[in-house]
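Undergrad: Line by line, the protein sequences give chains A and B. When we follow the numbering used here, the leftmost residue of the first sequence carries the number 60, and every step to the right adds one. When we follow the numbering used here, the leftmost residue of the second sequence carries the number 48, and every step to the right adds one.
Careful: at least some of the hints might be erroneous.
Label pairs and their in silico Cβ distance ranges [as the list claims (entries may be wrong)]:
#1 H155(B) <-> G62(A): 24 to 34 Å
#2 G62(A) <-> E64(B): 23 to 33 Å
#3 D122(A) <-> S121(B): 23 to 33 Å
#4 A75(B) <-> P129(A): 12 to 22 Å
#5 R124(B) <-> R140(A): 32 to 42 Å
#6 Q109(A) <-> L127(B): 32 to 42 Å
#7 G62(A) <-> N104(B): 35 to 45 Å
#8 R140(A) <-> P158(B): 41 to 51 Å
#9 H69(A) <-> A113(B): 29 to 39 Å
#10 E105(B) <-> L114(A): 41 to 51 Å
Simulated coverage check for chain B against chain A, where a stretch passes if three residues somewhere in it have a Cβ under 8 Å from a Cβ of chain A [unchecked claim]:
#11 85 to 94
#12 148 to 157
Worth flagging that the hints you see were computed from the coordinates, not collected in a lab. Here a beta-carbon is modelled for each residue, glycine too, at the ideal position from N, C-alpha and C.
This is what each chain is made of:
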Amino acid sequence: DTGVSQDPRHKITKRGQNVTFRCDPISEHNRLYWYRQTLGQGPEFLTYFQNEAQLEKSRLLSDRFSAERPKGSFSTLEIQRTEQGDSAMYLCASSLGTSGTEQFFGPGTRLTVL
Amino acid sequence: LAKTTQPISMDSYEGQEVNITCSHNNIATNDYITWYQQFPSQGPRFIIQGYKTKVTNEVASLFIPADRKSSTLSLPRVSLSDTAVYYCLVGDLNRDDKIIFGKGTRLHILP
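For reference, chain B alone in the conformation it holds in the complex (with noise of 0.2 Å):
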């Protein structure tokens, strides 16, 4: 299983585009890139996926470089409710059967 590399923590403003980057250095041919999120008393929830390039939906952004080993997470426009620990993770959530979340990134959004 790739091990992935994230920031514990970062801060940003309302309004404001918000970029996280994981590294996964050893990440396998066939291994997808997939983002969660996560809310105090919750359990995460699915935010995008991606094998590589640009991949876009109503939430976020993922981008891929060529080389795999690594992803930037893009949040547009920011508000208070996207304060929330994100995971990336990088495997076949269906083939790894021991998928490691890590610690996450600690995403503040401040007013």
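So that you can see chain A by itself, here it is in the shape it has in the complex (with noise of 0.2 Å):
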């Protein structure tokens, strides 16, 4: 296990489709963060999970936003009725949990909503 892995990297659909992102943190990671980020601008937070548990989420989660992390290791990022402005790289990050500690992220989801 090398890294935080996403798929796909890319990802096109027309408006209106509902899409699916999946995230394989770092084997040991209890903490996995989801994060969407537009040209120019930094990470925002999304939503972030302590095992199999949804602790947090954004207020940008919309109700169209769902996330699942079934069994404490990969997480998947489901987006219904897309919009344009869903538009973005969606990244994830794991990390041990343990203070101090950084987080790792994948390499992301780049999602074109036509």
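Hey, can you piece these two chains together into the complex? The hints should help.
TA: What follows is the structure, encoded as structure tokens:
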């Protein structure tokens, strides 16, 4: 296991379609984070999991967004009824959850909504 | 969460030392200072983290004055491949759930 992986790397969809992204964290990491990043901006926090429990959600995470981490390992982020404003890079990160340790980021999934 | 202020952009030349300063006046006692680097179309990459004084690793140094209200990331002898966006974060990445990245500093290295 060499790092956080995300799939797919790129996704192009039409407005109104549903999309699902997957994140595989570093295996021993119990925390998993989702961020969204638009052009010229820094990553914005969406939600995070401690093992399988989703502990925090940003107000950016509308009802059309849902995230799961069913067995405390990989996570999925689903966007329903996509809108053009959902076009962004979706980043996943994982960490040990220990104070002072860093988050390791995946390569991201670039979503384009036409 | 402590808010950070850093320059929007900086230019430098290959072989030079680059220093990027970040202000964080309301840093809390338990907060760490962490710097990330991000290349286009990639996720951020951890560079260095510190709490006080000076920290050095194989990539960079981080200088933190006694009052901890600012910090300086120092990149020795930069190359073209150091062109990236650098983010200064203040907090505990595992305590503060909503880490704020800000817009970062766009560093452009010229030949």
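Undergrad: Each hint should be assessed against the structure and marked as holding or not.
TA: Status of the hints after comparison with the structure:
| no. | hint | result |
| --- | --- | --- |
| 1 | H155(B) <-> G62(A): 24 to 34 Å | 27 Å, holds |
| 2 | G62(A) <-> E64(B): 23 to 33 Å | 29 Å, holds |
| 3 | D122(A) <-> S121(B): 23 to 33 Å | 45 Å, violated |
| 4 | A75(B) <-> P129(A): 12 to 22 Å | 35 Å, violated |
| 5 | R124(B) <-> R140(A): 32 to 42 Å | 51 Å, violated |
| 6 | Q109(A) <-> L127(B): 32 to 42 Å | 40 Å, holds |
| 7 | G62(A) <-> N104(B): 35 to 45 Å | 18 Å, violated |
| 8 | R140(A) <-> P158(B): 41 to 51 Å | 48 Å, holds |
| 9 | H69(A) <-> A113(B): 29 to 39 Å | 47 Å, violated |
| 10 | E105(B) <-> L114(A): 41 to 51 Å | 34 Å, violated |
| 11 | 85 to 94 | holds (count 6) |
| 12 | 148 to 157 | holds (count 4) |
Violated hints, in rising order: 3, 4, 5, 7, 9 and 10; the structure is consistent with all others.
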